[in-house]
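Asker: Take a look at the letters that make up each chain.
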Amino acid sequence: MEKENLLELKNVRKVFGQTVALDSVSFTLYPGEIHGLLGGNGAGKTTLMNVLYGLYRKDDGDIILKGEKVNVQGPRDAIKLGIGMVHQHFLQISNFTVLENIVLGTDVNNRYTMKLEDEAKKVEDLCKHFGLDVDLNATMDTLPVGTRQKVEILKALYRGVDILILDEPTTNLTPQEVDALFVSLRVMVNDGLSIVFITHKLREVLSVCDRITVLREGRNITSLVRENASEEIFVRAMVGESMDIKNSIYFSQGERKPVERGETNQPIFQMEDISLVNKDQVTLLKNISLTLHPGEILGISGVAGNGQRELAETVIGVKQPNQGKITLRGEEITEKTNEDLFKMGISYIPEDRLHDGFLPKANVAQNLILGYHRNKPYSDGTFINWKTVFKETRSQIKEYNIKTSGPDDIGGNLSGGNIQRVMIARAFSMPSDLMIAHNPTRGLDIPSMDFVYQKMLKRREDGFATLLISEDLDELLRMADRIAVIYRGEILGVLERDQFDKYAIGRLMSGIKDS
Amino acid sequence: MDILVNFLRLVLLSMVPFVLAGQGTMLGGRTGVFNVAQEGIMLVGASLGFLVSYMTGSIFLGMVAAMASGALFGLALAYFTTNLKMDQFVIGLALFFIGIGLSTLLPKLVIGITLSPPLIPTLKDISIPLLSQIPVIGPIFFQQNILVYVSILVSIGLWYFLFRTQKGLEIRAVGEHPMTADSLGINTTSSRYWTTIVGGALIGLAGAYLPMVYTGTFTELMVMGRGWLAIALTFFGGWSPLPILFGSLFFSGVEVLAFRVQVIGSIVPYQFLIMLPYIATILVMIFTFGKSRVPSFLGKNYDREKRSV
Chain Z
594 MEKENLLELK NVRKVFGQTV ALDSVSFTLY PGEIHGLLGG NGAGKTTLMN VLYGLYRKDD
654 GDIILKGEKV NVQGPRDAIK LGIGMVHQHF LQISNFTVLE NIVLGTDVNN RYTMKLEDEA
714 KKVEDLCKHF GLDVDLNATM DTLPVGTRQK VEILKALYRG VDILILDEPT TNLTPQEVDA
774 LFVSLRVMVN DGLSIVFITH KLREVLSVCD RITVLREGRN ITSLVRENAS EEIFVRAMVG
834 ESMDIKNSIY FSQGERKPVE RGETNQPIFQ MEDISLVNKD QVTLLKNISL TLHPGEILGI
894 SGVAGNGQRE LAETVIGVKQ PNQGKITLRG EEITEKTNED LFKMGISYIP EDRLHDGFLP
954 KANVAQNLIL GYHRNKPYSD GTFINWKTVF KETRSQIKEY NIKTSGPDDI GGNLSGGNIQ
1014 RVMIARAFSM PSDLMIAHNP TRGLDIPSMD FVYQKMLKRR EDGFATLLIS EDLDELLRMA
1074 DRIAVIYRGE ILGVLERDQF DKYAIGRLMS GIKDS
Chain U
998 MDILVNFLRL VLLSMVPFVL AGQGTMLGGR TGVFNVAQEG IMLVGASLGF LVSYMTGSIF
1058 LGMVAAMASG ALFGLALAYF TTNLKMDQFV IGLALFFIGI GLSTLLPKLV IGITLSPPLI
1118 PTLKDISIPL LSQIPVIGPI FFQQNILVYV SILVSIGLWY FLFRTQKGLE IRAVGEHPMT
1178 ADSLGINTTS SRYWTTIVGG ALIGLAGAYL PMVYTGTFTE LMVMGRGWLA IALTFFGGWS
1238 PLPILFGSLF FSGVEVLAFR VQVIGSIVPY QFLIMLPYIA TILVMIFTFG KSRVPSFLGK
1298 NYDREKRSV
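So the protein sequences, as listed, match chains Z and U. All letters in the first sequence, in the order written, are residues 594 to 1108 by this note's numbering. All letters in the second sequence, in the order written, are residues 998 to 1306 by this note's numbering.
There could be a bad hint or two in this list.
What the hints assert, rightly or not - Below are the BS3-like pairs computed for lysine-lysine, each with C-alpha atoms no more than 30 Å apart in a straight line:
(1) Z/996 / U/1303
(2) Z/673 / U/1105
(3) Z/984 / Z/794
(4) U/1121 / Z/954
Stated by the list, open to error - Okay, the calculated beta carbon distance ranges per label pair:
(5) Z/870 / U/1243: 55 to 63 Å
(6) U/1222 / Z/930: 54 to 62 Å
(7) Z/873 / U/1243: 21 to 29 Å
If you're looking for bench data, these hints aren't it; they were derived computationally from the structure. Where a beta carbon is used, it is the ideal one built from N, C-alpha and C, also for glycine.
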């Protein structure tokens, strides 16, 4: 028997300027199911749910809830209809308490003198029932990411939603926290909630979802019941026909020879006892020692905001350490600036492409040589040789599949994924002994991610070193020869590839050190 | 003793424009709208407040007119920044210049040029029964004009509103992270509108205080930088009503002191003395600025559908 739809989105279309983000996408949700919305970056998953939640106005299409067509003008309407959404980038007021964040916007008992005791009681009951443990009186910005995630879910539950949308809820969680989240989700479904689970991680949807819808480039690809489908079907649906899955790094982890570290293979790069303290005397990095050998990919794992950015900026010379020594090929570079380091053969993919890596008003060619514009062949030492620059960048645009009209196109016309490709192209086209890559695949779709991985392995074969700082644990497990886990600016442990275990790494990520 | 009591009385009397303009700035800022047109709005408030009082003979109507003009400026600021998403600072400066122009133009149109300045009766002191009889405290706190009491009550009221009511929580949320507020069904547009309008009205009233209490007439540019100081005061007070109330005592204290020294007559030139409040401001800011908390979204405009790349 056909189940009754709880919610149906019909032929939804959404256009941003020139880009069609959603092209006639449909979606159905049954009561009491966890429905995975799967797709790579830029597939339109979040946009579709933002339309449902009223944050984006749809250009065409219908929303049908419990058999009736509804008009969602804004989040207020969505909440009234019993729809709640947990956004990937948490929507929280960082200087409010947990309780204030949860009750914000609802009608608290007494409008004129906020009485929060009763509300606190209600929220505490929710916490207990769903296994979400949070201190209600803590100020938001003192809490770790995992806890803030729980607050975000509590916000929706407190409003008594029937439909809960979770947008990439596992991004910043340790593997242990992911498991706990999945348990909570099951409790919610047993209580009658219906859940939409947005993710790009195939393994997650397979382990928790009842039905799965795959989107790609703003289009419906397929919608299947979990039991009736194999992993291959979803992989193919996510990446399209053109990608060679068998030889991809994204989906398969081939064997590889361990890196030799010894007399014959001197380290390229060494950090010894590096500490960094900011002007408020807060320790950002604490006694960090790392070594990279030729042909090695060293992964840095950790929950976002544990010193990864500071580590990258210390290596690249943007920040000067207060203590310790850094050497490149035996030469001390501790005091060198980033200008020197670029010339000495270090390349850098910064984490925040809009602030640190890209000039929206400059053209694509200028962006592609940015930072390396003083180096040969782009410059003869005094003048930039634009002829060479344009020739080189034109071939880079082709090789890295950057969607732009040409090297003289203005950078600001590029989409986020293409800006990331510019940064990748820039770093990879310069010969460099050491590359520092901070979340290099953020915002890329799966074929592009795979392309970056291929490039990175090529570097490995050629005997260059790569420091891969990533918040995506799967990426590190795929790529790294060793993984060092950073927690509050300290390296808590280093694991060799044959010891990789995501739960062990997860413990270190949450600061638990096995002794 | 008398000199001290008299000095403190004057400090309280002169704090009113700072308090009202500071609270007005703070209220708009709490939803992210950073008003920088205080000087202009206060001038219009002073000019129109004086004119309406002069024409109707009612100081109360003058105050209402001043507040209405301030509210209108607030409305314009809210419209250009919230609906048209224009730069708040640029619009604020434009409104400031419009304010200067209007404030001088209006009296010339209505009254024309006269030999002796037209005068209105200044606000009378209101003695609170019993309380005003207390020695020292009585004359300082309880024999003041009505706007002194009003400004203190407004400050306390705003504190209660912002930190003790649900609506206040929502207003603060809009100024911290409008996307969050919006996602919870709070109307960010209307919040920004009404706080900026009410804030503008308070700033307009602050301007009207000058002819109604100090001079009894309107003179060109009579606000003399108090509007700019109000911005500094708001930062000084960490965008919170009660610290702003206390901070305004400091600003008016320096003002009264500079005036006193000037009256006594000293070798220090007059121009130096009127510089004093600004120098004091800079000094105070050096020591407090970095530490004071500012609403995170201050000075920015929110666009729901704008995608961050």
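Asker: Hints first: check each against the structure and report whether it holds.
Answerer: We went through each hint and held it up to the structure:
| no. | hint | result |
| --- | --- | --- |
| 1 | Z/996 / U/1303 | 22 Å, holds |
| 2 | Z/673 / U/1105 | 56 Å, violated |
| 3 | Z/984 / Z/794 | 38 Å, violated |
| 4 | U/1121 / Z/954 | 61 Å, violated |
| 5 | Z/870 / U/1243: 55 to 63 Å | 35 Å, violated |
| 6 | U/1222 / Z/930: 54 to 62 Å | 44 Å, violated |
| 7 | Z/873 / U/1243: 21 to 29 Å | 26 Å, holds |
Hint check: violations occur at hints 2, 3, 4, 5 and 6; the rest are consistent with the structure.
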